[in-house]
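As given, the protein sequences belong to chains G and H, one line each in that order.
First residue of the first sequence: 13, per this note's numbering; consecutive thereafter.
First residue of the second sequence: 7, per this note's numbering; consecutive thereafter.
Just so you know, these hints were derived from the structure itself, not from any lab.
Given the structure is predicted, the values throughout are model-derived calculations rather than measurements.
Don't take each hint at face value.
The list that follows gives simulated cross-link-like pairs (lysine-lysine, DSS-like), each with its CA atoms no further than 25 Å apart [unchecked claim]: (1) G:111 - H:552; (2) H:552 - H:583; (3) G:81 - H:552.
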Amino acid sequence: MLKRNRRFIFGGIIILAALSYLITGSMREAMVYFKTPSELMADEGASKGKALRIGGMVLVGSLEKDLKKLTYRFRITDGVESIPVYFHGVPPDLFSEGKGAVIEGRLGEDGVFQATTIMAKHAEEYSPPKDGEHAATRSFVPDQKERGR
Amino acid sequence: MTATIGYASILLALIFALWGIIAPILGARTGQNGFFASTRAAITGQFILVTLASLSLIYALVTTDFSVKYVFFNTTRSTPIYYRITGLWGALEGSLLLWEWILIIFSGLVAWIYKDRHRELMPWVLMIFSIVSAFFLAVIAFASNPFESVFPIPADGRGLNPLLEDANMMTHPPLLYTGFVALTVPYAFAMAALIIGRLDDAWIVTTRRWTLTAWFFLTMGNLVGAYWSYHVLGWGGYWAWDPVENAAFMPWLPATAFLHSVQVQERKQMLKVWNLSLIIIAFSLTIFGTFLTRSGILSSIHAFSSGPVGIIFLAFLAFILLTSFGLLAWRSKQLRSQPELDSLVSRESAFLLNNVVLVSALFTIFLGTIFPLISEAVAGVQVSVGAPYFNSVTVPLFLLLVFLMGVGPMIAWKKASWDNLRRNFLWPTVASFVVALFLFIWLVRDFLPLLGFTLLSFVVFTILFDTTLAVRARQRIAGEGVFSALVTLARRNQRRYGGLIVHLGVVLIFLGIAGSMSYSIEREVTLQIGEGLSIGRYHIQFEGLKRSQQPTHSRVEAAFRVFNEGHEIGVLSPALKFFPTQKSPVGRAVYRSTLIEDLYIILSGFSEVEQNQATLKVLVRPLLAWIWIGGFVIALGTIVAVLPSRRKLAQRA
């Protein structure tokens, strides 16, 4: 009886070890820290190459876009520091200068943040447009879901 | 007026629910049977009143009675009647009422079906139902009232989120809720058995079919949700590991584990505590899911709004976990069983391993879902755990699960001899190695997909091989044809063959996931009229933009002529829809689905200023359609498994 129990405990330990290896390994790769531009500038060296989310505002006057090539260059700011960002793709509808945005990607060696995803901040509640504000001028999909499977 | 009727019904129903909780306790104290008998009346009363309340909210929605705040927020005068009805679960308050309604329908069904059976158990089963029902009724009445009024009465309503205006809206939430709520049935039986201390297998046999029913609705609810995400949300995917998707998926895992481990208990009297725990966990996860969805602590497209409701659910969750596991600990002496496995190579241990894998998957998904919350609360660090985490932890676990799916149903109970192993697995193994070799030479070079496809073919071969042997035997003995032999086999052992069909469905779903995960290609470009793009075997040419006015919105369609290896296969027109009540447009992606692959086109933007140009994203996703086909196969298998058997029908006649 004792022997059997020991076997169960042994098996359990192996399973637990495998599982925690799996979890910690995947977690380290997939965990994305959220930082503000100031926090990023404070430890720029350590942040290079890590997956990050940067929250802030698109600096007014910084946006250069090439609609043909779908490339976007802009600076994201928290009012104190600002970081140059490069993005290739289609940003969400609510993305524009002076608006809040969360960008996900990695800080490159040249100090330019290479964004893989842009998430525009938008209200959870759906509210109708105010007078004079019309949808017809917008031309991007509203919700770019993060790519899963 | 309707709102008053609705609200009054909720309050009255709450009184009935409270009586349903007190009556069995009084019955046990005084020994009078009248108290026990009245628990049925308490359920019937709740059933009538909650149905009345639900119907009055539907009536208010259909007649666009804007004096009701909920109606104001979820319909407009121009909303088609179909979406006025689905407005019932378009927002928090209504969906809680729908939940309660389904719960009380299930309670009523249970009370009616078992009116002459389980005399000792039933009052307590119904008491558990009344506790859960009382909780929901109290939330509806005092924290999240769908009958709240507005004054002055608005002229028109705000309307549903346009993303919810889709035919699947009719099926996806009710299916999921039904799955969630149906898990209350095994939970109620398990708790009742613990309370009165009758821990023989009666409650397990009774609840097996209910658990299968719940499992079926959960499976379908998740699949329809994935289909909806693919069909409507227009991002080209079907599963994002969004916290709310996880919340809907998590109860499925212990429910699946239970359906397997319960067979070990039936046969070997093992795993009693384990099975009870699985039921408790599955039920708790449905409450946890509601907490996650409705508390607004996680930002998600599904999250309705924040409010006190989240905290109330958390408190209820704590209450359930404490009392359930407390009861379990209290009765633990009676539940002791001999945890003896005769051999590691046996069906018991395959089932045990299947349970370990499923619970591990649950644990990893749960951890990934709540990790951002813990991190922010404990360390003050904001992190997010994205899809890559979930993919890389679940893929190895699910591959192991697929392997067990091939082994489990065929391996012998107790101890599998070499002879048994060779008979059942030699040819399937050889055949799947041949498949692997062919795949490696012509198609698949990467390790994980190759392993995945090989294991999937292994499962199919084990099932085909086993069934072929059985059919041959019947042909020999009874001289039947292949088809009638199959029917006889399935009839004689519905659970087994229903289960095997379900396994085939799961294999098809995994096939679709493996193919679409590993070999998708996508491209994003801006095209001018006449320009084209090549992706995979396709060539897509931009033909022009078209504006049109629809009853509820205006839309811009972009026409793309699609060629498959030079042959024209038609025009696909993705669109952007502009609703007058919404700030931003809603995308309408289009796709062409074949058994080999899906071609998915999303219109991301357009410009009519500098010539006509369109920005689009195109995806080619191999084998994706098999996910939906697998869903139909699972449905078929479940029907085979739960249909009343011939023997039972004969008994009734």
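Hints, verified against the model:
{"no.": "1", "hint": "G:111 - H:552", "in the structure": "violated (30 Å)"}
{"no.": "2", "hint": "H:552 - H:583", "in the structure": "holds (12 Å)"}
{"no.": "3", "hint": "G:81 - H:552", "in the structure": "holds (24 Å)"}
The structure shown violates just one earlier hint, number 1.
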